[in-house]
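Chemist: Put the two chains together into one complex, using the hints given.
Protein chains in written order, with the working numbering: chain W, 1 to 112; chain D, 1 to 110.
Keep in mind the hints are simulated off the structure, nothing from the lab.
Note that CB positions come from ideal geometry on N, CA and C, so glycine has one too.
Some hints could be false.
Between beta-carbon pairs, the in silico distance windows are [as the list claims (entries may be wrong)]:
hint, chain 1, residue 1, chain 2, residue 2, range
1, D, Q45, W, H41, 28 to 34 Å
2, D, K73, W, R83, 35 to 41 Å
3, D, T68, W, D56, 25 to 31 Å
BS3-like mimics (lysine-lysine), calculated; alpha carbons at most 30 Å apart, straight line [what the hints assert, rightly or not]:
hint, chain 1, residue 1, chain 2, residue 2
4, D, K73, D, K9
5, W, K11, D, K9
6, D, K9, W, K57
7, D, K65, D, K22
8, D, K22, D, K73
9, W, K57, W, K70
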Amino acid sequence: DAGITQSPRYKITETGRQVTLMCHQTWSHSYMFWYRQDLGHGLRLIYYSAAADITDKGEVPDGYVVSRSKTENFPLTLESATRSQTSVYFCASRVPGQETQYFGPGTRLLVL
Amino acid sequence: AQRVTQPEKLLSVFKGAPVELKCNYSYSGSPELFWYVQYSRQRLQLLLRHISRESIKGFTADLNKGETSFHLKKPFAQEEDSAMYYCALSRGTGANNLFFGTGTRLTVIP
Chain W
1 DAGITQSPRY
11 KITETGRQVT
21 LMCHQTWSHS
31 YMFWYRQDLG
41 HGLRLIYYSA
51 AADITDKGEV
61 PDGYVVSRSK
71 TENFPLTLES
81 ATRSQTSVYF
91 CASRVPGQET
101 QYFGPGTRLL
111 VL
Chain D
1 AQRVTQPEKL
11 LSVFKGAPVE
21 LKCNYSYSGS
31 PELFWYVQYS
41 RQRLQLLLRH
51 ISRESIKGFT
61 ADLNKGETSF
71 HLKKPFAQEE
81 DSAMYYCALS
91 RGTGANNLFF
101 GTGTRLTVIP
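So here's chain D without its partners, still in its complex pose (with noise of 0.2 Å):
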């Protein structure tokens, strides 16, 4: 079976701070890791990719197969990136669906 596990609910940093939203995963398949991002009153909407590999908005995720983690991060927060973040995975190309991890909201004060 597979799990996403995302252990914070809640992450504050200051601005200009360096933030990394956790995520780890369990799959005994070759998975493909994602990272969707919902602004307030805004969809659900992809950030990242793994197989991409591309920073977007700041944001970079480096897949680690060896600590089965997917990692989210960015060295200079700002103000706009106050969000909920979620960690997906897909059984890979073909699969069905995404399974998510619970989320984290992240805060980033002025």
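Looking at chain W on its own, in the form it has when it is part of the complex (with noise of 0.2 Å):
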């Protein structure tokens, strides 16, 4: 369970300020993910990205930006964060040709 981690693990800011949420694995997963976890929305895919330099949207991209330049670890910014960011953020991997992600403990967003 080590292998994938989010730092921070709880984040307050205000509207408007740029926040960056970090995830690191140490498994060399090419896949990465970004998901967020809502209340009556399940997960929902944020940003992926393939491999590192690669990366592509998922269903709900807006107001985010993420970046993969080493593959261990693959950011999320939130540019200038607005209240309906308010959620959990989880951050998964997985190798290519086998469908199980594995997932990281969380972090957890409020924004003010």
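Modeler: Spelled out as structure tokens, the structure:
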């Protein structure tokens, strides 16, 4: 389980501020994902990455930016946080050819 | 388009009673179906995948293509089964992401 970590685990920020959520995995999985978890919506994909320097939008990408300069890191940035971005954010990774995803512990974000 | 539906947000059963968490999907291709579980204060983790056809922690799930369902079942619920359960769909090998249902919170009453 320690193979994929997220930081911070809890974050409070204000509307309009930029905030970055970090995700780090030690397995060298090529695929990484960012989801948000909201009541009534389950988990929705924000962005994913198939490899370093390759990223693509998911279901709800607006207001988010990602980068993947190294295989092990996949930061998610809220450029100008809004209250609607208050959520629990999960990072996940997987190996190509295998559908099972491995999830991080989540980051609870509150935007005031 | 693909869609995963979990009609029950909350489900309560008594310890020792059978439990069934419903999952229906819509997808025109050949999907892979999964059940993920999130215990209190723990991360989301894989419980079952349909192609494995295995029983984990006493849970089983059968893919019914005719009814487009992938219900999760356990004959005798235990208190430690209390958790949030998510059904998820992949569009098949090589697909890039999972599509999740809205989840069902199972509470097993002692």
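Chemist: Each hint needs a verdict: does it hold in this structure or not?
Modeler: Now the hints, each set against the structure:
no.: 1; hint: D:Q45 x W:H41: 28 to 34 Å; verdict: 20 Å, violated
no.: 2; hint: D:K73 x W:R83: 35 to 41 Å; verdict: 40 Å, holds
no.: 3; hint: D:T68 x W:D56: 25 to 31 Å; verdict: 27 Å, holds
no.: 4; hint: D:K73 x D:K9; verdict: 16 Å, holds
no.: 5; hint: W:K11 x D:K9; verdict: 27 Å, holds
no.: 6; hint: D:K9 x W:K57; verdict: 28 Å, holds
no.: 7; hint: D:K65 x D:K22; verdict: 14 Å, holds
no.: 8; hint: D:K22 x D:K73; verdict: 9 Å, holds
no.: 9; hint: W:K57 x W:K70; verdict: 18 Å, holds
Consistency note: the structure conflicts with earlier hint 1 alone.
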